[in-house]
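Assemble chains C and H onto chain A, guided by the hints.
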Amino acid sequence: MQVRSVLAQIISLGMIVTSALIIWKGLIVVTGSESPVVVVLSGSMEPGFKRGDILFLHMNKDPIRTGEIVVFNVDGREIPIVHRVIKVHERQESTEVDILTKGDNNFGDDRLLYAHGQLWLQQHHIMGRAVGFLPYVGWVTIVMTEKPIIKYILIGALGLLVITSKE
Amino acid sequence: MHTWTQRLLSAATTAAFLLLAACAAASALDAFHAPSVQAQARVTKINRFHKQLNGNDKVMLTFNISANLESLFTWNTKQVFVFLTAEYENSKNSLNQASLWDHIIPDKQHANLHLEVKSKYPLIDQGSSLRGKKVQLVLHWHIMPKAGVMIRDRMPLSEFKLPDVYTS
Amino acid sequence: MDWQGQKCAEMLMQLLLVVSAVAAFLVGYAMADFQLMLLVYAGGVVLTALVTIPNWPFFNRHPLKWLDAAEADRHPRPQVCAATTAGKKKIGKNK
Chain A
1 MQVRSVLAQI ISLGMIVTSA LIIWKGLIVV TGSESPVVVV LSGSMEPGFK RGDILFLHMN
61 KDPIRTGEIV VFNVDGREIP IVHRVIKVHE RQESTEVDIL TKGDNNFGDD RLLYAHGQLW
121 LQQHHIMGRA VGFLPYVGWV TIVMTEKPII KYILIGALGL LVITSKE
Chain C
1 MHTWTQRLLS AATTAAFLLL AACAAASALD AFHAPSVQAQ ARVTKINRFH KQLNGNDKVM
61 LTFNISANLE SLFTWNTKQV FVFLTAEYEN SKNSLNQASL WDHIIPDKQH ANLHLEVKSK
121 YPLIDQGSSL RGKKVQLVLH WHIMPKAGVM IRDRMPLSEF KLPDVYTS
Chain H
1 MDWQGQKCAE MLMQLLLVVS AVAAFLVGYA MADFQLMLLV YAGGVVLTAL VTIPNWPFFN
61 RHPLKWLDAA EADRHPRPQV CAATTAGKKK IGKNK
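Chains as they are written, first to last, in my numbering: chain A, 1 to 167; chain C, 1 to 168; chain H, 1 to 95.
Derived by calculation from the structure, the hints in this document are not laboratory data. This one's a predicted model, so the numbers in the text were calculated from it and none came from an experiment. Beta carbons are placed, not taken as given, at the ideal position from N, Cα and C, and that holds for glycine. Errors might be hidden in some of the hints.
Claimed, not checked - Have a look at the derived ranges for each label pair, beta carbon to beta carbon:
1) C:Leu9 to A:Val29: 39 to 47 Å
2) A:Gly117 to C:Pro156: 50 to 58 Å
3) A:Ala8 to C:Leu20: 27 to 35 Å
Claimed, not checked - Distance condition first, Cα-Cα at most 27 Å in a straight line; then the derived DSS-like pairs of lysine-lysine:
4) A:Lys50 to C:Lys146
5) C:Lys51 to A:Lys50
6) C:Lys120 to A:Lys50
7) C:Lys92 to A:Lys61
8) C:Lys78 to A:Lys50
As the list claims (entries may be wrong) - If we take Cβ atoms under 10 Å as the criterion, some of the chain A residues that face chain C in the derived model are:
9) Ile69
10) Leu134
11) Glu146
The shape of chain A in the complex, shown without the other chains (with noise of 0.2 Å):
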C-alpha cells in the first residue's frame, strides 16, 4: 500500500508538469508564434513597456502594419527584442516586405541593433506581434534567471509540498 501512495504521488507530480507543457504548446498553436509570451526585458519601450512585464504574441498571415509592436530576432544575437514599427515598405509583385523598427524610448531607430550592415527586417525575422499585456508577472521569471538558487529552492519546496500532501 506505501509503494502505491507513493506512485500515486508520482503520478500527480507528472500531471502537473505535463499540463503545464500542454498548456504552453497549446498557446503555440493557438497563437502561431513559437514564444506566445515574452517578458520585456529592457526599458527601451517605457512609459508603455517596462522591465518585468509581459506580453502576450499573436502571429498570423495579416502584413505587418507601422504602429504595431512586434517581436523580432536579429541574426548574431539570442534574445529577442520587441519594439515598434515605424516604417514598412512591401513590393508589388511579391510578398516581400522591407520593416524598420524603433524603440519608444530610444533615439534613434534599430539599425545599430540589426546585423552588420543590414538596413531592413525582413518577414522571417519576426517572431510575432503583441496582442495583450501584463504588468510585473515576468519578474517571477527576471528573478530566476538571474538569481538561479531561487529557482531551485522554489521547484524543490513545490516538489515538496506536492510529494508530501496528502488528500
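Same frame as chain A, but now just chains C and H:
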C-alpha cells in the same frame, strides 16, 4: 484545508485567479468603448527635398496637427501612442508607410493636441519616386492598457502633393 | 480546525474573495480608476486572509466526540458489520 499553509495556498491561488479575471473583464469592457476622434493634419512647409547620395529621395516637412483624442481614454488606459504616417504607392512597392512624427499621451488632460511640428523622422523613399508624388497623411493611434488587449486604429487625413523639383 | 470549521473556512474564503473582486471592479469602474480597483481588491484579499487563514476559535465549535475507552469496552465489537463492509469493498473491486 486543515493546516494554515494549505489555506494560504488556496487563498493565494483563488485571489490571483480572480485578479486575472478582473483585468480580463476591464479589458473586455474596452472593446465596447466607441471613441470619436476629430483630427486634422496638413503639410505647411517643405523644408528640404533632395536626393541622397545613395539615390533615395529624402524630404523634411513641417506640418500642422490638431487632434482631439480625449475619447480614446478609458479607466484601463495607461497611455496612447499617437503617430502620423505618410503612405503612398510607387512602381517598386505596393505600399510605402513611413512614420513622420509620434508622440506619447500619458493622460486625458494632454489628449487635445494643437501642434505645428517638424517631422521627427524624415520621409525617405526606397528609390527616387517622390517628385510630384501624391502622399496620404494618416493619423494612427495605439492604445496601451493598464492590463489586457492593446487597441490600434487609424484615420486617413489630408493628401498632399510633393513638388516636381528638388529644393536643393 | 474541526471538520465543520474547515468547510466553513473554505466557503467563507471563496465568498469573500469573489465579493471583494466584484466590489473592487464596480468601484473601479464607477470611479474610472484602475488603481482604486487594485487597492480595494488588495484590501479584500487581506481581510479574507485574516478571517480564514488563522485558526480562530470560531472554527473549532464542533469538536469530534470520541467514545471514551471505558464506554467502548462495555459493548461488544461489531464484528459482523466490519465483515459486511469488507465484503462490499471486494464486490466493488471485482466490478
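Inset, instruction - Check each numbered hint against the structure and report the violated ones by number, ascending. - result: Violated: hints 1, 2, 5 and 11.
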